Amino acid sequence: LQSGTGVAAVVDGEFNCTTGGGLGAYATIATNRTLPYRPGEGGECKLTARFDAGVTGTAQLAGLLSLTDSLSFAMFGSIFGILRLHHGELETQELQITTAATGAGNVTVTVDGTAYVVPVTNDTAQVNAKEITTSLTAQVANYLFSADDDTVLAIATVAIEATLPFGFSAGAVPSIAAVWTPINTGSEFDTEFLQQSLWNGGLTWTVDPTKGNVYKIEYQYLGYGNIYYSVENPETGRFELAHMIKYPNTNTQPSLGSPAMRAGWSAVDQGAGGNISLCGPS
Numbered sequence: 001l002q003s004g005t006g007v008a009a010v011v012d013g014e015f016n017c018t019t020g021g022g023l024g025a026y027a028t029i030a031t032n033r034t035l036p037y038r039p040g041e042g043g044e045c046k047l048t049a050r051f052d053a054g055v056t057g058t059a060q061l062a063g064l065l066s067l068t069d070s071l072s073f074a075m076f077g078s079i080f081g082i083l084r085l086h087h088g089e090l091e092t093q094e095l096q097i098t099t100a101a102t103g104a105g106n107v108t109v110t111v112d113g114t115a116y117v118v119p120v121t122n123d124t125a126q127v128n129a130k131e132i133t134t135s136l137t138a139q140v141a142n143y144l145f146s147a148d149d150d151t152v153l154a155i156a157t158v159a160i161e162a163t164l165p166f167g168f169s170a171g172a173v174p175s176i177a178a179v180w181t182p183i184n185t186g187s188e189f190d191t192e193f194l195q196q197s198l199w200n201g202g203l204t205w206t207v208d209p210t211k212g213n214v215y216k217i218e219y220q221y222l223g224y225g226n227i228y229y230s231v232e233n234p235e236t237g238r239f240e241l242a243h244m245i246k247y248p249n250t251n252t253q254p255s256l257g258s259p260a261m262r263a264g265w266s267a268v269d270q271g272a273g274g275n276i277s278l279c280g281p282s
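Each residue of the sequence shown is one higher than the one before, starting from 1 at the first, in this note's numbering.
No wet-lab data here; the hints were simulated from the structure. Be a bit skeptical, because a hint or two may be false.
[As the list claims (entries may be wrong)] Below, computed lysine to aspartate or glutamate pairings styled on EDC-like, alpha-carbon distance capped at 20 angstroms:
id : residue 1 : residue 2
1  : K216      : D12
2  : K211      : E240
3  : K216      : E232
4  : K46       : D208
5  : K211      : D12
6  : K246      : D190
7  : K130      : D149
8  : K211      : E232
9  : K46       : E232
10 : K46       : D190
11 : K216      : E192
12 : K130      : D148
13 : K216      : E235
14 : K46       : E89
Treat the numbers as computed from the prediction; the structure is a model and nothing was measured.
All chains should be built: construct the whole structure from the sequences, respecting the hints.
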C-alpha cells in the first residue's frame, strides 16, 4: 500500500517503505496472508528491520500490523521503542442508488468532505453503482470502494473518527438519486508507546535501530495474556527479551481488538513533510 509520495518497493535486496517527503504520505509492505486467529492460540512474528534515523512528525513500524491493531517495534520521530495500537475502528459508509440515471453526465459525490466529479451513463442503478465505484477508486485516497447491487460501500483505510460530510448531487443528470448511510463512524487507535530506556526486559546492550536487527514479537491471545518483544543479541545470536507488557490481572479489555494481523513494515508522514525510509529483507 502507498499513498501520496509514498513508495513501497524492493531496493538493493530489501523491502523499502519511503514517504518521499509529502504531507500525509505513507508506504506499507505486508504479507498477503494474515496470521489467522484460532481460539486459545497466540502468535509469533520474526522479522528484520533497519529504521531511518527519524524526522519529527513521522512514524516507522515493523512487526504485526492491521488497519485496527498493531504490535511492533517503532520509531516516532527519532525515538525508538515498542508499540501497541489497539481497538481502532474503520469508518464505513454506504451510498445507495435509489433511482437510476436516465441520461449520461457527471454527478458530484462528496467523500470525507471532498467533492469528486463522477461520470455516469443512462443505465440501471446497479451499473451506476459500478461506475461510481470505479471512479472513486481512481480518485480517492485512504478509502476502499466496492459495488454490491445498487450500493457503493466505502471503507476507510485509516482508523480515525469520521467528522467530515458525505454527500451526493445529481447536477444536470436526469432522474438519478442516491443517499449515504453511515454504518460505522470509526475511531482512532488507543496508542501505547514505550521508549527503549524504559523497557523492562533487562537488556545489557543498547539496540541501534538504524542498523539491521532481528526482532521477535509474541502474544498470547487468550485476550489477557502477556505480550513479549525480543531482539537478537549480536554476541550470542539468540533472542533476548527487550520488554514484556504485563497484561493479566491489570486490565478490563482484551489486548487487541482483532488478533488477525500481517507481518510487515510501514513508514508514515504525520503531517511534517519529512522523507524517511524503513527497510527489511525478511
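Verification of the supplied hints:
no.	hint	result
1	K216 / D12	24 angstroms, violated
2	K211 / E240	17 angstroms, holds
3	K216 / E232	8 angstroms, holds
4	K46 / D208	18 angstroms, holds
5	K211 / D12	15 angstroms, holds
6	K246 / D190	17 angstroms, holds
7	K130 / D149	9 angstroms, holds
8	K211 / E232	12 angstroms, holds
9	K46 / E232	10 angstroms, holds
10	K46 / D190	24 angstroms, violated
11	K216 / E192	18 angstroms, holds
12	K130 / D148	8 angstroms, holds
13	K216 / E235	17 angstroms, holds
14	K46 / E89	26 angstroms, violated
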